[in-house]
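Those sequence lines, one after another, are chains H and P. Mind the numbering: the first sequence is residues 1 to 117 in my numbering, read in order. Mind the numbering: the second sequence is residues 1 to 115 in my numbering, read in order.
Hints should not be assumed to be uniformly reliable.
[What the hints assert, rightly or not] Covered, in the sense of this in silico footprint (three residues per stretch, anywhere, with C-beta under 8 angstroms from a C-beta of chain P), are these stretches of chain H: (1) 39–49; (2) 106–116.
[Claimed, not checked] Some chain H residues well away from chain P (every beta-carbon gap over 10 angstroms; in silico): (3) ASN62; (4) ARG64; (5) ALA88.
No lab work stands behind these hints: they were computed from the structure. Don't be surprised by glycine CBs; every beta carbon is placed ideally from N, CA and C.
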Amino acid sequence: GAGVSQTPSNKVTEKGKYVELRCDPISGHTALYWYRQSLGQGPEFLIYFQGTGAADDSGLPNDRFFAVRPEGSVSTLKIQRTERGDSAVYLCASSLTGLAGGSGELFFGEGSRLTVL
Amino acid sequence: DQQVKQNSPSLSVQEGRISILNCDYTNSMFDYFLWYKKYPAEGPTFLISISSIKDKNEDGRFTVFLNKSAKHLSLHIVPSQPGDSAVYFCAASARLTGGGNKLTFGTGTQLKVEL
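Whenever a hint applies, use it, and build me the whole structure from the sequences.
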């Protein structure tokens with residue numbers, strides 16, 4: 001499809017395990033974002049990539065969270081030593097950036113629901 | 001400290017009537033405001049936006065109003081249709097280092113349009 005693709009759609013893991021979540025952005029979109037949505041909350045910013053580099057990772061909650069985008073397209077969010085509080089829907093979004101007057105519209109994927117038991 | 005607030009967790013409206021969803025914000029530095037719509041098990045979908053230098057933007061049945069002095073915006077949907085039933089998120093945009101945009105979201109309002 002032409003939209004943002006995220007895998008897996010659901011992931012159940014045990015506390016302390018390592019998890020990887022994958023995002024395939026819209027072709028041609030240089031900007032990629034990860035957000036996290038907890039139950040009853042709106043999405044919260046985690047990290048922003050412009051091309052291959054993490055331009056802003058100020059939203060990552062702690063050093064257990066890490067993300068990469070080695071070739072400027074697909075991105076992987078990595079969570080080490082998972083905790084029950086990490087349970088949430090992890091959303092990936094992409095956009096065309098650098099456009100004058102851009103509104104900041106992001107195109108979101110369907111999310112990866114992570115459950116840590 | 002929530003910078004974007006949606007104080008109504010739910011709203012029920014009859015088909016054909018107007019739906020008004022409200023949002024308040026605290027940070028004067030936001031340069032755009034956006035509304036997203038979300039169906040269950042799907043990602044948020046962009047609906048409409050407004051620049052901080054405007055006070056109204058209209059797109060078909062959807063109109064967003066911005067009152068900067070009150071730090072308040074609202075989304076009007078008229079006429080409301082059953083397919084509009086979804087969670088609506090208000091979001092505010094600020095520029096990030098490197099040219100991107102950070103969206104700060106409210107907690108959402110569940111709209112139900114009844115027949």
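Exercise for the section: List, from low to high, the hint numbers that the structure doesn't satisfy. Expected result: Structure breaks no hint.
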